[in-house]
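The chain contents come next:
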Amino acid sequence: MTITQTVLVYVVIPAAIAGVLALFVFGAGARRAPRYRPGRPFAFAPVWFVSATAKNQANTDHVALPAGEERPALPAGASAAPAAAQPATKKGGARGTW
Amino acid sequence: MVLGEQQTAHDVADTGPDATTAVSVDGPFTSRQLFRIDKALGAADQETGFTFSIYVGALAEPTRATAAGLHSQLTDPGESVLIAISPEQRILEIVTGEHAAHRLPDRACALAALSMTAAFGGGDLAGGVVTGLQMLSNQARSH
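If you're matching them up, the sequences are chains A and B in order.
Under my numbering, the first residue of the first sequence is numbered 531, with each subsequent residue one higher.
Under my numbering, the first residue of the second sequence is numbered 207, with each subsequent residue one higher.
Source of the hints: derived by calculation from the structure; they are not laboratory data.
Possibly wrong hints are sitting among the right ones.
[To be verified] Straight line, CA to CA, 25 Å or less: simulated DMTMM-like cross-link-like pairs of lysine to aspartate or glutamate: (1) A/K620 <-> B/E267; (2) A/K621 <-> B/E253; (3) B/K245 <-> B/E285.
[Stated by the list, open to error] To give an idea of the chain A side of the interface with chain B (calculated C-beta under 10 Å), a few residues: (4) Y566; (5) G622; (6) A624; (7) G626.
Everything numeric in this text was worked out from a predicted model, so none of it was measured.
Beta carbons: idealized from backbone N, C-alpha and C, even for Gly.
Can you make the complete structure from the sequences, with help from the hints?
Shown next, in the form of structure tokens:
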């Protein structure tokens, strides 16, 4: 075997195989959408949803704002502040941390 | 979002884009996960007659009062169950309305919360939500 052949067989071919494997491993990860990982910052927009088939659809006039009306913007820092004007009803539930 | 028309997203809790971190315009779920959650929500609503609602985002302190405030904004709070998740703070709040609490006692909610936080701890937000919905729905149905 000439030196060229030796290099081709023992260096270039293994390197090519390793490159293909690396592409499979890291390429798939790069394509994936960002996801939540515990302990990392949660850089997603807040979402709030109900079922599409819920009876809420019958009450859309309550959910949606009337045309032309704007809900006053929340002051900065008062994110989802407790609604003081709402009548206080008895609520149950639970809480958890992780 | 693919299922955009199937969900009612409110930016109630949106504090506006934070200057220091780039906030993604998308929610934390893929469309496949949204589909699973929507199916679980629909099933839970149908089986129990309650309105289940999921909130995922930051909750202002005190988180319990904030979650209760969100719950009060639902169409029929008495018959509604809100699952509020704050992944950044690692806090989960389940809020049940006055009538819903009769069939969903706090102990059942705590059990669902436990299994949800176990999934969240592993980074599986959608899986935890679906599991919690199923557990709450089963509990309410058996009462």
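> Holds or violated: is there a CB of chain B closer than 10 Å to the CB of A/G622?
Replying inline: It holds, given that the least Cβ distance between A/G622 and chain B is near 3 Å, below 10 Å.
> Does the structure keep A/K620 and B/E267 at a Cα separation of 25 Å or less?
Replying inline: Cα-Cα ~20 Å, so holds.
> Would the hint on A/G626 stand, with a C-beta cut-off of 10 Å toward chain B?
Replying inline: holds, 4 Å
> Against chain B, is A/A624 within 10 Å by beta-carbon distance?
Replying inline: holds, 4 Å
> Holds or violated: B/K245 with B/E285, Cα cutoff 25 Å?
Replying inline: holds, 20 Å
> Taking only the CA atoms, is the gap from A/K621 to B/E253 under or equal to 25 Å?
Replying inline: Holds - the C-alpha atoms of B/E253 and A/K621 are around 21 Å apart, at most 25 Å.
> Does the interface hint hold: is A/Y566 within less than 10 Å of chain B, judged Cβ to Cβ?
Replying inline: holds, 5 Å
In summary, the structure agrees with every hint in the numbered list given earlier.
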